[in-house]
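Both chains come to you apart, so use the hints to assemble them.
Top to bottom, those sequences are chains A and B. Just so we're aligned: the first sequence equals residues 1 to 140 in the UniProt record's numbering. Just so we're aligned: the second sequence equals residues 1 to 358 in the UniProt record's numbering.
Bear in mind the hints are in silico, worked out from the structure with no lab data behind them. There could be a bad hint or two in this list.
Claimed, not checked - Using 27 Å as the maximum straight-line C-alpha spacing, the simulated DSSO-like pairs for lysine-lysine come out as follows:
(1) A:K115 / A:K44
(2) B:K312 / A:K64
(3) A:K54 / A:K115
(4) B:K307 / B:K46
(5) A:K54 / B:K46
(6) A:K44 / A:K94
(7) A:K54 / B:K307
(8) B:K312 / A:K54
(9) B:K282 / A:K54
(10) A:K64 / A:K44
(11) A:K54 / B:K284
(12) B:K235 / B:K46
(13) B:K282 / A:K44
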Amino acid sequence: MKFTPMTVNVLKNLFNTKSTRPYPFVVRDPFPDARGELYNEIEKCIFCGSCSRKCPSQCITVDKEKGLWTCDPFACVYCGTCMDVCPVHCLHHKETWRHVTPEREMIVQQGTPPKPKKKKEDAGEGNDKKAAAKKNDAKK
Amino acid sequence: MAKTVIPFGPQHPVLPEPIHLSLTVEDEIVTEAIPALGYVHRGLEKLCDIRDIHHMIQIVERVCGICSKIHAMCYCQGIEEMMGVEVPDRAQYLRVIWSELHRVHSHLLWLGLFADAFGFESLFYQFWRIRERVMDINEATTGNRVIVSVNVIGGVRRDLTPDQIRWILSELDIVERETRELESTILDDYTVRKRTVGKGMLTRDQALALGAVGPTLRGSGVKEDARQLGYAAFKDLDFEPIVEQDGDSYARNRVRFRETLQSINLVRQALRKLPEGEIATKVKGFPEGEHTSRVEQPRGELFYYFKADGTKHLDRLRIRTPTFANIPPLAAMLPGIELADVPVVVLSIDPCISCTER
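This is chain B alone, in the form it adopts within the complex (with noise of 0.2 Å):
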């Protein structure tokens, strides 16, 4: 059978976001994938040159809108080690409660577009269902749905009010029941099963050596998660990193299925241990040196490096997003499996295209 080279993407029904992918078919067999990104490059980066630190803060938000709490708290976290702020016990909680809020929203608006990738759409209109509850608590505690803007740099802005934790707590519990509700389905379902089971194979040493981070990693039986570092409040909470031996695409759905229901746990464990105090400490001065920074996002690990000369403007700043990482492995899972399956097995990473072209 001769070789057919297909393109797939950067415009996709089934993709979310623009990745270009050369597939080389054989017999309906995919033999080879070539990546292409840079459809959507912003330069974020660069703007460190004219906006100043503080500045910053809402810049990186807008690298990833779904996680743009998490980026924000990265970039934060990196210039108060390096000009040595210490932030209040409150913050740090606050911080992890609305960062643990952005990836139960997260998993479940992945869990909706993976059921949408094999065309289960009654499912994924049940996912995003739920996940507009916490969407509901990110807009009455925050003020934005997506974009929160809560971070400054030596704390946080808005703080939670004893209604507000017991409103939390009930709508968390109601969060939980519902997506219990889909686990059958989404886990056991036949056609669930028929689609993902054993597509998208990625070994652990494939893993270990392609540098896959996140949910592809703990997929593939890896157990690391970058809140294990114990940044923010995390020292203070109990939680085993999830991990499923596989590492097929059902193996990575199993891991952000599970995670969503401890990321719940999480948020509670930190409500109960939510300590009394300020909010902000009050920062003079400008960072200078070299520092970098480490988060886990909802897609896996995120890398922040600074560099600063002690004026209001950073020198470099050099974002590592988790889906540029999981891209490698990405284009090791394709090669073996049918052309069909590819959709799945794209969404099967969490492709974030906007954060990896930054």
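Just chain A, with the same shape it has in the complex (with noise of 0.2 Å):
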């Protein structure tokens, strides 16, 4: 008995498994590495700025003074710039994306930024006593 291409092909297509899957109640796990949502380790962070300066699409503001690092999500282009150029690679992409939403939601993220160095004072003291020397050089 000869079958024709086309009963083999409905026969496979009954039997195999199917091309599709049925989303949303069945999902891809994500690929790891995958650039889904920015997050950012918010106690490594040093609010150095570099992130925001180096962002394409100037998505990511830092506030130093405040401690706060804010990253519009619907500007982001998810190219992964930010987490190259973190000194304290804090920054990451989640597998995951963010769900829909109907309203303009930032990441804002709340942090304790690091005290300013004394390095005015020092450098202000050890300024006083070079020059304090110097004079003494120059009285000899």
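Next comes the structure, spelled out in structure tokens:
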């Protein structure tokens, strides 16, 4: 008995697994290292602002005084540049995406900015001492 | 019979993108076609005044979604040559691998859209189902599906692990097998032949005179491919440009189908020859002077012109995309065909209007 190609196809389609999946009930697992939603490990962040300067879509703002790190996810292009340039490696992409939302929500994270170093005072004292030493040298 | 002028587009069920054609029709036969552009102009070239040279990589990727990787490669290559940066060999090979994967998925997308243009819906589904595997490779290796953002000036940002290489090779085997299964349908089917053979003729002389590029040029019997320049790692890979002599829609279809298989072969070659080493060099300073850069996109030759004055912004960036070069040949193909064949012939040059208008 000979089967036509169409019959073979029909039988294949009946017994093979489906090419599609019934989304959203079955969702494919994300690939590792996929660039999903951006988040900041805010405890590590030193608020240097490299991410906001290097971002091509300029979606990140960093407020060093208040310790605020803000990202506009609607402007973000998920390129991962901020992640590469971060000196303390506190920026990461989640593997999953943000859920659909009717409202424009910004990603705002509050952290504690590092205390400013007492450079000026130290430097000032140092300078004074050096100046005094120079004066003494001159007198001698 | 009196002449009638029929507007075709900018929104048409067959065309994915907005191009307008004023078709002068006499007795169902097109006698003249005048294209009009300008519906999706975004001013990306002007952005080089505001964004610095490193930001511009992500901006040029957005000229076209389908060949984003190749735009970024062309841009980075030009800037690197201006600054005298030596790109590591491994980075050159990785660039070729991703750009050829882009060619595979772009051609599979086009083959599907072409089948859709003459109403062959199930063939359209089949090609797009295969394409999904290539998109998965993109996502797993680069992080994104379409706009992959892997290029930087001086190299690439991601590397391939041996596991990933093995997985890509096994996936490519499946892609090749499934594409070959559809060969007899897309090339020999009665419906496909009826709608494409002899439609939209472009002779060899016309193609050369009107400046056609890519599969449109190679479909008319001209053996020219920008990859023969040997940019990136193409100088080390074996390939011959694919040429068809007929110059009709069917010849262009054949060229694209055969190029899909050729690109899969090129990815395999590059993966096997992939050298060890660094994937990027650090780049300091800014470019100065004038330069041009050419690469081969799925649609044809892409051309970038740079002018820089040593600051972090480029003075001028001019992009000539393949569809822009293919519009005069399209205007020459349309006269003499039936009105019902216009969508198929327009689609046969693989128009990308977002590219053309930037």
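Violated constraints from the hint list, given by number and in increasing order: 12
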